[in-house]
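Trainee: One-letter residues, chain by chain:
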Amino acid sequence: MSKVTLAEAPPGVEGAGFFATTLDKAIGLARANSLWPLPFATSCCGIEFMATMGSTYDLARFGAERPSFSPRQADMLLVMGTIAKKMAPVLKQVYIQMAEPRWVIAVGACASSGGIFDTYSVLQGIDEIIPVDVYVPGCPPRPEAILDGVLKLQEIVKNESLNRRNTPEYKALLEKYGIVTDNGNG
Amino acid sequence: MDKLDNQKIITRLQDRYGEGLAVIGEPHGLLTVAVNVETIIDVLQFVKEDPELRMNYLTDITAVHYPRQEQEFCVVYHVYNMLQDVRLRIKVFVSGPIPTVPTATTIWHGANWMERETYDFFGIIFEGHPDLRRILNMDELDVFPMRKEYPLEDPNRVDKKDFYFGR
Amino acid sequence: MSKPVTKITPNAAVFFDNDPQDELITLNIGPTHPATHGVFQNVVQIDGERIVSGVSTIGYIHRAFEKIAEHRPFYQITPLTDRLNYCSAPINNMGWHMTVEKLLQIDIPKRVQYMRVIVMELARIADHIICNGILGVDTGAFSGFLYVMQEREFIYEIFEEICGARLTTNIGRIGGFERDFNEVAFRKIEEFIKRFPPVLKEFENLFVRNRIFIERTSGVAAVTPEQALSYSWSGPILRATGVDYDVRAVSPYSSYEEFDFDIPVGTTGDVYDRFMVRNDEMWQSLRIIEQALDKIKKEPVGVFHADVPEFYLPPKEQVYTNMEALIYHFKIVMGEWETPQSEVYHAVEGANGELGFYLIHDGGRSPYRLHFRRPSFINYQMFAPMSSGMLISDAIINMSSLNIIAGELDA
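Order-wise, the sequence lines are chains A, B and C.
Position 8 (the first sequence) corresponds to 8 in full-length UniProt numbering; numbering is contiguous.
Position 87 (the second sequence) corresponds to 87 in full-length UniProt numbering; numbering is contiguous.
Position 244 (the third sequence) corresponds to 244 in full-length UniProt numbering; numbering is contiguous.
If you're looking for bench data, these hints aren't it; they were derived computationally from the structure.
Built from N, CA and C at the ideal position, the CB exists for glycine as well.
Careful, some of the hints might be misleading.
Derived lysine to aspartate or glutamate pairs resembling EDC-like cross-links, with alpha carbons at most 20 Å apart [claimed, not checked]:
| no. | chain 1 | residue 1 | chain 2 | residue 2 |
| --- | --- | --- | --- | --- |
| 1 | A | K158 | A | E175 |
| 2 | B | K148 | A | D118 |
| 3 | B | K3 | C | E257 |
| 4 | A | K176 | B | D159 |
| 5 | B | K48 | C | E70 |
| 6 | A | K3 | A | D58 |
| 7 | B | K8 | B | E38 |
| 8 | C | K102 | B | E26 |
| 9 | C | K201 | C | E191 |
| 10 | C | K102 | B | D85 |
| 11 | B | K3 | B | E38 |
| 12 | A | K158 | A | E65 |
| 13 | B | K148 | C | E66 |
| 14 | A | K176 | A | D133 |
| 15 | C | K194 | C | D280 |
| 16 | B | K91 | B | E70 |
| 17 | B | K148 | C | E151 |
| 18 | C | K194 | C | E151 |
| 19 | C | K331 | C | E310 |
| 20 | B | K91 | C | D362 |
| 21 | B | K148 | C | E70 |
| 22 | C | K110 | C | D280 |
| 23 | B | K91 | B | E19 |
| 24 | C | K102 | C | D307 |
| 25 | C | K331 | C | E178 |
| 26 | C | K331 | C | D307 |
| 27 | B | K161 | A | E155 |
| 28 | B | K48 | B | D5 |
| 29 | A | K152 | A | D127 |
| 30 | A | K176 | A | E128 |
| 31 | A | K25 | A | E155 |
| 32 | B | K161 | A | D127 |
| 33 | B | K161 | A | E160 |
Computed beta-carbon distance windows for the label pairs [as the list claims (entries may be wrong)]:
| no. | chain 1 | residue 1 | chain 2 | residue 2 | range |
| --- | --- | --- | --- | --- | --- |
| 34 | B | I98 | C | P340 | 31 to 39 Å |
| 35 | B | A22 | C | G140 | 32 to 40 Å |
| 36 | C | Q227 | B | I98 | 29 to 37 Å |
| 37 | A | F18 | C | L391 | 21 to 29 Å |
| 38 | A | Q97 | B | E49 | 48 to 56 Å |
| 39 | B | L83 | C | L293 | 31 to 39 Å |
| 40 | C | L146 | B | Q84 | 43 to 51 Å |
Make a model of the complete structure from these sequences and hints.
Mentor: Okay, structure coming up:
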């Protein structure tokens with residue numbers, strides 16, 4: 001018996017030989033189960049991410065088989081570790097280089113809030129420079145926690161409206177961070 | 001070869017430098033001496049090349065800030081004799097608006113970044129250093145953060161209201 | 001102090017004056033380049049595939065450890081040391097504890113010292129696994145990494161059994177351990193020294209006589225002992241050049257003098273030697289753990305901390321029920337303890353080299369000054385000068401064999 005389980009189909013109308021659902025749901029399902037992560041690992045949490053990618057925890061089970069090291073071909077930015085103020089513009093640049101739709105997970109206390117490093121040189125949470133979708137607590141979080149964060153993000157991705165990235169609210173959000181929106185289709 | 005002990009090091013150094021070298025003490029067995037800023041490079045060269053002392057390994061360079069002392073800054077060198085496991089701590093006290101110490105990069109290549117780090121944190125100028133720039137902090141930083149007068153936390157933070165912290 | 005900058009500064013690039021006549025290209029490697037395993041920036045000038053010169057920029061995760069340490073009581077500095085070299089956090093923890101114990105002149109019972117040795121050697125193995133595994137990945141062999149990572153997870157399980165945490169362990173306390181190793185922990189350590197050798201053997205077989213690996217690493221980035229000493233190198237990369245300097249042997253701490261182990265050294269100081277030194281050190285660490293387990297059996301059972309109630313936190317259950325314990329708990333946590341004014345330098349053999357703690361204490365609640373001698377920081381400064389003349393691909397594996405840990409580099 002194969003242990004492979006199929007992703008649950010979204011609600012829709014089913015009949016002999018056809019299945020109808022909304023485009024939002026179908027695309028969301030596809031996106032959620034094929035997130036390409038961009039590991040932006042700076043410190044300790046990066047080592048835990050290594051364990052998450054490793055054979056014991058295996059992030060690939062959730063469709064994130066291919067860690068993309070190029071921001072151009074990634075959907076999910078995983079920021080792991082302390083972001084110093086010196087690093088902040090680099091992180092922002094990486095975020096800007098990612099194509100829409102893009103999601104961000106702040107892994108660990110440092111990325112979420114600066115953690116124990118309330119100092120002159122450390123950015124107090126990456127949400128000061130880029131929008132964040134999921135925060136994973138822990139210093140560092142266990143691999144299970146990182147996986148949980150990814151699963152939470154999948155929920156967000158599944159339920160995201162296709163039009164969200166073109167709404168004025170979303171543009172306003174990015175403009176708040178000083179990011180110019182030009183996603184080509186809107 | 002006889003085992004090198006602290007007494008021997010003191011004799012050896014005092015023979016050469018006499019009054020120019022002060023013995024501070026031996027906290028936890030580690031001999032600590034102070035020399036003045038003019039002779040420091042000569043002392044480092046001497047302890048490195050002297051056939052008896054042979055302290056040819058530069059363990060570390062760092063600095064300490066004593067704002068209440070007349071001579072505000074103390075640059076600390078740790079040198080090490082690997083063969084006999086003997087360490088020596090050499091201190092140089094400097095002061096002034098631009099504290100200046102000659103560079104040790106002429107003796108050890110490894111002193112390069114150690115001095116840059118010390119400059120970055122304390123603003124001590126190492127004269128003759130090939131590339132004295134900030135190393136860990138941002139180039140835009142206009143203070144020397146390890147000096148005691150500068151706070152640990154970022155004073156520009158707006159989200160940290162004193163009210164929430166009971167102060 | 002300045003606000004977060006919003007622009008990318010040209011950084012090191014300004015140090016090159018590009019002559020339009022020559023054919024050199026300025027290439028920016030990092031700070032987020034996947035091949036550098038961390039946040040290092042190197043701006044190099046290349047002539048084809050060959051590096052002509054380079055400038056390293058570091059400090060991308062500078063967290064001001066030394067400044068924080070001046071504001072924290074001794075107990076709260078242990079979590080900071082975790083985050084120095086996070087691949088082998090227990091060594092940093094123990095090093096810091098031993099520094100304070102040296103300051104306070106606390107005698108540590110033998111059994112505790114052996115327990116520390118076990119934990120430190122496990123951490124060393126965990127660190128070398130990462131370094132050698134990644135070196136394998138960089139030379140094109142991913143499977144070796146996956147084999148040994150599995151065992152690294154098992155080391156984490158042992159740490160979890162001892163202290164509850166996996167990576168940033170905060171293991172032990174000033175004066176000993178928080179609790180004794182339990183039965184499961186001992187059983188797991190014993191299981192580890194049985195199950196790890198075959199895996200390491202298999203890992204070795206993949207690399208040691210592998211033609212591709214040898215071609216990629218042998219003779220690459222060779223360093224002479226004189227150069228290495230002049231750059232104040234320490235640790236496996238210094239030993240790879242043939243200098244048998246190991247703090248554990250030269251100035252033993254935590255009873256290392258009682259253990260029988262060899263110090264592997266290399267001959268040429270190239271990447272292959274560094275790999276072999278680290279590999280052999282894992283075997284030696286296993287030997288040390290084995291001996292330590294034997295020695296512990298001969299010591300009185302149940303001793304896991306020194307008898308210093310004025311410095312060692314009382315057991316939690318007593319804090320809730322016993323007045324005195326509560327008072328001591330408060331005094332110690334708040335740092336209201338009698339401490340001598342002194343200076344201490346204490347060095348331990350970290351996984352990357354001599355990890356030193358220089359503590360100046362004025363009798364207050366927190367250190368007057370605490371300086372970490374961080375091996376990664378000092379080892380890394382040779383990278384840019386030694387890269388000139390190297391191929392880019394060689395420089396990348398050179399960097400992974402130096403095993404620079406960003407947290408330790410930038411402090």
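Trainee: Hints first: check each against the structure and report whether it holds.
Mentor: The hints, checked one at a time:
1. K158/A - E175/A: violated, 25 Å
2. K148/B - D118/A: holds, 17 Å
3. K3/B - E257/C: holds, 19 Å
4. K176/A - D159/B: OK: K176/A and D159/B at ~17 Å, within 20 Å.
5. K48/B - E70/C: violated, 32 Å
6. K3/A - D58/A: It holds: about 16 Å lies between the C-alpha atoms, which stays within 20 Å.
7. K8/B - E38/B: Violated: K8/B and E38/B sit about 24 Å apart, past 20 Å.
8. K102/C - E26/B: holds, 14 Å
9. K201/C - E191/C: holds, 16 Å
10. K102/C - D85/B: holds, 17 Å
11. K3/B - E38/B: Given that 20 Å is the threshold and the Cα spacing comes to 30 Å, the pair is violated.
12. K158/A - E65/A: Roughly 18 Å separates the two Cα atoms, so the pair holds.
13. K148/B - E66/C: This hinted pair holds, its Cα atoms lying about 12 Å apart.
14. K176/A - D133/A: Answer holds: K176/A to D133/A is near 16 Å, not above 20 Å.
15. K194/C - D280/C: Judged against 20 Å, a Cα distance of about 17 Å means the pair holds.
16. K91/B - E70/B: holds, 15 Å
17. K148/B - E151/C: The given pair, whose Cα atoms are some 45 Å apart, is violated under the 20 Å limit.
18. K194/C - E151/C: holds, 11 Å
19. K331/C - E310/C: It holds: about 9 Å lies between the C-alpha atoms, which stays within 20 Å.
20. K91/B - D362/C: holds, 17 Å
21. K148/B - E70/C: This hinted pair holds, its Cα atoms lying about 9 Å apart.
22. K110/C - D280/C: Roughly 27 Å separates the two Cα atoms, so the pair is violated.
23. K91/B - E19/B: holds, 15 Å
24. K102/C - D307/C: holds, 15 Å
25. K331/C - E178/C: holds, 17 Å
26. K331/C - D307/C: Roughly 17 Å between the alpha carbons, so the hint for K331/C and D307/C holds.
27. K161/B - E155/A: Between K161/B and E155/A the Cα gap is close to 35 Å, so the pair fails against 20 Å, i.e. violated.
28. K48/B - D5/B: Status holds; Cα separation ~16 Å.
29. K152/A - D127/A: holds, 18 Å
30. K176/A - E128/A: Holds: K176/A and E128/A sit about 10 Å apart, inside 20 Å.
31. K25/A - E155/A: holds, 11 Å
32. K161/B - D127/A: Holds: K161/B and D127/A sit about 18 Å apart, inside 20 Å.
33. K161/B - E160/A: violated, 35 Å
34. I98/B - P340/C: 31 to 39 Å: With Cβ atoms ~35 Å apart, the hint holds.
35. A22/B - G140/C: 32 to 40 Å: Given about 58 Å between the Cβ atoms, the range is violated.
36. Q227/C - I98/B: 29 to 37 Å: Given range 29 to 37 Å: holds, Cβ gap about 33 Å.
37. F18/A - L391/C: 21 to 29 Å: violated, 59 Å
38. Q97/A - E49/B: 48 to 56 Å: holds, 53 Å
39. L83/B - L293/C: 31 to 39 Å: Roughly 33 Å apart at Cβ, these two residues keep to the hinted range, so it holds.
40. L146/C - Q84/B: 43 to 51 Å: holds, 45 Å
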